[in-house]
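Reminder that position 98 of the sequence shown reads as 98 in the working numbering, one-by-one numbering, no gaps.
Possibly wrong hints are sitting among the right ones.
Lysine-lysine pairs mimicking BS3-like chemistry, simulated, CA-CA at most 25 Å apart [unchecked claim]:
{"id": "1", "residue 1": "Lys64", "residue 2": "Lys16"}
{"id": "2", "residue 1": "Lys90", "residue 2": "Lys64"}
{"id": "3", "residue 1": "Lys16", "residue 2": "Lys67"}
{"id": "4", "residue 1": "Lys104", "residue 2": "Lys64"}
{"id": "5", "residue 1": "Lys3", "residue 2": "Lys90"}
{"id": "6", "residue 1": "Lys104", "residue 2": "Lys90"}
{"id": "7", "residue 1": "Lys67", "residue 2": "Lys90"}
{"id": "8", "residue 1": "Lys64", "residue 2": "Lys3"}
{"id": "9", "residue 1": "Lys16", "residue 2": "Lys90"}
{"id": "10", "residue 1": "Lys67", "residue 2": "Lys104"}
{"id": "11", "residue 1": "Lys104", "residue 2": "Lys3"}
{"id": "12", "residue 1": "Lys67", "residue 2": "Lys3"}
{"id": "13", "residue 1": "Lys3", "residue 2": "Lys16"}
Listed next, with one range per pair, are the computed distances between beta-carbon atoms [unchecked claim]:
{"id": "14", "residue 1": "Phe101", "residue 2": "Gly47", "range": "35 to 41 Å"}
{"id": "15", "residue 1": "Glu29", "residue 2": "Ser89", "range": "31 to 37 Å"}
{"id": "16", "residue 1": "Glu29", "residue 2": "Thr5", "range": "28 to 34 Å"}
{"id": "17", "residue 1": "Glu91", "residue 2": "Val46", "range": "31 to 37 Å"}
{"id": "18", "residue 1": "Cys57", "residue 2": "Val84", "range": "18 to 24 Å"}
{"id": "19", "residue 1": "Glu13", "residue 2": "Glu91", "range": "17 to 23 Å"}
{"id": "20", "residue 1": "Ser56", "residue 2": "Ala81", "range": "18 to 24 Å"}
{"id": "21", "residue 1": "Glu76", "residue 2": "Gln37", "range": "27 to 33 Å"}
{"id": "22", "residue 1": "Phe34", "residue 2": "Val110", "range": "22 to 28 Å"}
{"id": "23", "residue 1": "Glu20", "residue 2": "Ser99", "range": "31 to 37 Å"}
In case anyone wonders, no lab produced these hints; they're calculated from the structure. Note that CB positions come from ideal geometry on N, CA and C, so glycine has one too.
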Amino acid sequence: MDKLTQYRQIVQEILKEYGEAQPAYGNIEVETIFDTQRDHYQIVHVGWEGQDWVHSCIIHIDIKGGKIWLQWNGTEDDIAADLVAAGVSKEDIVLGFQSPFMRKFTEYAVG
Numbered sequence: 001m002d003k004l005t006q007y008r009q010i011v012q013e014i015l016k017e018y019g020e021a022q023p024a025y026g027n028i029e030v031e032t033i034f035d036t037q038r039d040h041y042q043i044v045h046v047g048w049e050g051q052d053w054v055h056s057c058i059i060h061i062d063i064k065g066g067k068i069w070l071q072w073n074g075t076e077d078d079i080a081a082d083l084v085a086a087g088v089s090k091e092d093i094v095l096g097f098q099s100p101f102m103r104k105f106t107e108y109a110v111g
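Full structure from sequences and hints, please.
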């Protein structure tokens, strides 16, 4: 299996697990969105919490240039560590939500 196919599979498996977690309150749907042609992957919460409309991206991951870009992590979990545990090299993970300057101080790729 080539690296891109493997990374797609790993990202989808991890996000499927996160997509099973239902918010503790409100009438919120959890949407797992996979755009495998453009390699965009998200978990989105949509619904109502009392009188308030909820539409929030919880996790956003892209695969670009042979690397997995963690664009947003709105959970308390370390998704980068989940990726490493699933077999992804730290050199192939970019914390996209960190500024390019700050990325060099992490244990992950800078871009």
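Hint by hint, here is what the structure shows:
no., hint, in the structure
1, Lys64 to Lys16, "holds (20 Å)"
2, Lys90 to Lys64, "holds (15 Å)"
3, Lys16 to Lys67, "holds (20 Å)"
4, Lys104 to Lys64, "holds (18 Å)"
5, Lys3 to Lys90, "holds (14 Å)"
6, Lys104 to Lys90, "holds (12 Å)"
7, Lys67 to Lys90, "holds (10 Å)"
8, Lys64 to Lys3, "holds (12 Å)"
9, Lys16 to Lys90, "holds (22 Å)"
10, Lys67 to Lys104, "holds (16 Å)"
11, Lys104 to Lys3, "holds (24 Å)"
12, Lys67 to Lys3, "holds (10 Å)"
13, Lys3 to Lys16, "holds (20 Å)"
14, Phe101 to Gly47: 35 to 41 Å, "holds (37 Å)"
15, Glu29 to Ser89: 31 to 37 Å, "holds (34 Å)"
16, Glu29 to Thr5: 28 to 34 Å, "holds (29 Å)"
17, Glu91 to Val46: 31 to 37 Å, "holds (35 Å)"
18, Cys57 to Val84: 18 to 24 Å, "holds (23 Å)"
19, Glu13 to Glu91: 17 to 23 Å, "holds (21 Å)"
20, Ser56 to Ala81: 18 to 24 Å, "holds (23 Å)"
21, Glu76 to Gln37: 27 to 33 Å, "holds (31 Å)"
22, Phe34 to Val110: 22 to 28 Å, "holds (27 Å)"
23, Glu20 to Ser99: 31 to 37 Å, "holds (32 Å)"
Every hint, counting from the list given before, is met by this structure.
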